[in-house]
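Peer 1: Take the given structure of chain C and dock chain A to it, following the hints.
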Amino acid sequence: AQSVAQPEDQVNVAEGNPLTVKCTYSVSGNPYLFWYVQYPNRGLQFLLKYITGDNLVKGSYGFEAEFNKSQTSFHLKKPSALVSDSALYFCAVRPNTGGFKTIFGAGTRLFVKA
Amino acid sequence: GAVVSQHPSRVICKSGTSVKIECRSLDFQATTMFWYRQFPKKSLMLMATSNEGSKATYEQGVEKDKFLINHASLTLSTLTVTSAHPEDSSFYICSARGGVGTNEKLFFGSGTQLSVL
Chain C
490 AQSVAQPEDQ
500 VNVAEGNPLT
510 VKCTYSVSGN
520 PYLFWYVQYP
530 NRGLQFLLKY
540 ITGDNLVKGS
550 YGFEAEFNKS
560 QTSFHLKKPS
570 ALVSDSALYF
580 CAVRPNTGGF
590 KTIFGAGTRL
600 FVKA
Chain A
989 GAVVSQHPSR
999 VICKSGTSVK
1009 IECRSLDFQA
1019 TTMFWYRQFP
1029 KKSLMLMATS
1039 NEGSKATYEQ
1049 GVEKDKFLIN
1059 HASLTLSTLT
1069 VTSAHPEDSS
1079 FYICSARGGV
1089 GTNEKLFFGS
1099 GTQLSVL
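Taken in sequence, the protein lines are chains C and A. The opening residue of the first sequence carries number 490 in my numbering; numbering runs sequentially from there. The opening residue of the second sequence carries number 989 in my numbering; numbering runs sequentially from there.
In isolation and in its complexed conformation, chain C is listed as follows (with noise of 0.2 Å):
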């Protein structure tokens, strides 16, 4: 079946200190990839994609993310996280099958403190 992992409930990280959000994918083929970024009772909002190309891509508000095909992953990563970063963040990928449908990982709560 079809998934996408995020190992990692929550991701605690000091104001100023790099951070990681890690992301696994099952799916077959070449998918695209996704981030999104969530704040309390709102929508979810779109920092970065990978379709093709150079497996680094960077994305809103300094956020750059790593893709590994042999190791199914997209990292999503920023060099100095700010207090502000601090939400949920939702790693999705898009099967390249045609159609729009989008698997999305359980989230990541990163919590940035001063």
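Derived from the structure by calculation, the hints contain no laboratory data. Fair warning: there could be bad hints in the mix.
[As the list claims (entries may be wrong)] In the SDA-like style, the derived pairs of lysine to any residue whose C-alpha atoms are separated by at most 20 Å in a straight line are:
{"id": "1", "chain 1": "A", "residue 1": "Lys1093", "chain 2": "C", "residue 2": "Ser549"}
{"id": "2", "chain 1": "A", "residue 1": "Lys1030", "chain 2": "C", "residue 2": "Gln499"}
{"id": "3", "chain 1": "A", "residue 1": "Lys1030", "chain 2": "C", "residue 2": "Ser549"}
{"id": "4", "chain 1": "C", "residue 1": "Lys558", "chain 2": "C", "residue 2": "Gln499"}
{"id": "5", "chain 1": "A", "residue 1": "Lys1030", "chain 2": "C", "residue 2": "Arg598"}
{"id": "6", "chain 1": "A", "residue 1": "Lys1008", "chain 2": "A", "residue 2": "Leu1056"}
{"id": "7", "chain 1": "C", "residue 1": "Lys602", "chain 2": "C", "residue 2": "Pro507"}
{"id": "8", "chain 1": "C", "residue 1": "Lys590", "chain 2": "A", "residue 2": "Asn1039"}
{"id": "9", "chain 1": "C", "residue 1": "Lys566", "chain 2": "C", "residue 2": "Ile540"}
[As the list claims (entries may be wrong)] Just a few of them, taken from the derived set where beta-carbon distance is under 10 Å, the chain A residues facing chain C:
{"id": "10", "residue": "Val992"}
{"id": "11", "residue": "His995"}
{"id": "12", "residue": "Val1007"}
{"id": "13", "residue": "Tyr1024"}
{"id": "14", "residue": "Lys1030"}
{"id": "15", "residue": "Ser1042"}
{"id": "16", "residue": "Leu1094"}
{"id": "17", "residue": "Phe1095"}
{"id": "18", "residue": "Ser1098"}
[Claimed, not checked] Output of the computed footprint for chain A on chain C, the stretches with three or more beta carbons under 8 Å from beta carbons of chain A:
{"id": "19", "stretch": "523-537"}
{"id": "20", "stretch": "593-602"}
Here a beta-carbon is modelled for each residue, glycine too, at the ideal position from N, C-alpha and C.
Peer 2: Structure of chain A alone, referenced to chain C:
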């Protein structure tokens, strides 16, 4: 950028009543919209895919007679929770497939918190 408006943001209703949630694409035409349900501290569960002018496609386990979806125009999809019960209480989010040039992104509404008493 593309904006999706979802209304209401919060609704409280009595058990047995029906609730309608609207999802509008404000500055683009959305031929396809998606309805998700999110439980506390859980991921988004895709409920159905709504296509303009045709019947919605429901995911396995989602009751189509309970969660009525109508996508009558290119900018509006509605989800009606019929005969709501407390177990239907949840956060419901709609999203729309972006138009030309939006690079595969989904655009999300701000969600509706449904509480059934």
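Peer 1: Indicate, hint by hint, whether the structure satisfies it.
Peer 2: Here is what the structure says about each hint:
{"no.": "1", "hint": "A:Lys1093 x C:Ser549", "verdict": "holds, 13 Å"}
{"no.": "2", "hint": "A:Lys1030 x C:Gln499", "verdict": "holds, 12 Å"}
{"no.": "3", "hint": "A:Lys1030 x C:Ser549", "verdict": "violated, 24 Å"}
{"no.": "4", "hint": "C:Lys558 x C:Gln499", "verdict": "violated, 25 Å"}
{"no.": "5", "hint": "A:Lys1030 x C:Arg598", "verdict": "holds, 11 Å"}
{"no.": "6", "hint": "A:Lys1008 x A:Leu1056", "verdict": "holds, 9 Å"}
{"no.": "7", "hint": "C:Lys602 x C:Pro507", "verdict": "holds, 12 Å"}
{"no.": "8", "hint": "C:Lys590 x A:Asn1039", "verdict": "holds, 12 Å"}
{"no.": "9", "hint": "C:Lys566 x C:Ile540", "verdict": "holds, 18 Å"}
{"no.": "10", "hint": "Val992", "verdict": "holds, 7 Å"}
{"no.": "11", "hint": "His995", "verdict": "violated, 12 Å"}
{"no.": "12", "hint": "Val1007", "verdict": "violated, 17 Å"}
{"no.": "13", "hint": "Tyr1024", "verdict": "holds, 8 Å"}
{"no.": "14", "hint": "Lys1030", "verdict": "holds, 6 Å"}
{"no.": "15", "hint": "Ser1042", "verdict": "violated, 14 Å"}
{"no.": "16", "hint": "Leu1094", "verdict": "holds, 6 Å"}
{"no.": "17", "hint": "Phe1095", "verdict": "holds, 8 Å"}
{"no.": "18", "hint": "Ser1098", "verdict": "holds, 5 Å"}
{"no.": "19", "hint": "523-537", "verdict": "holds (count 8)"}
{"no.": "20", "hint": "593-602", "verdict": "holds (count 5)"}
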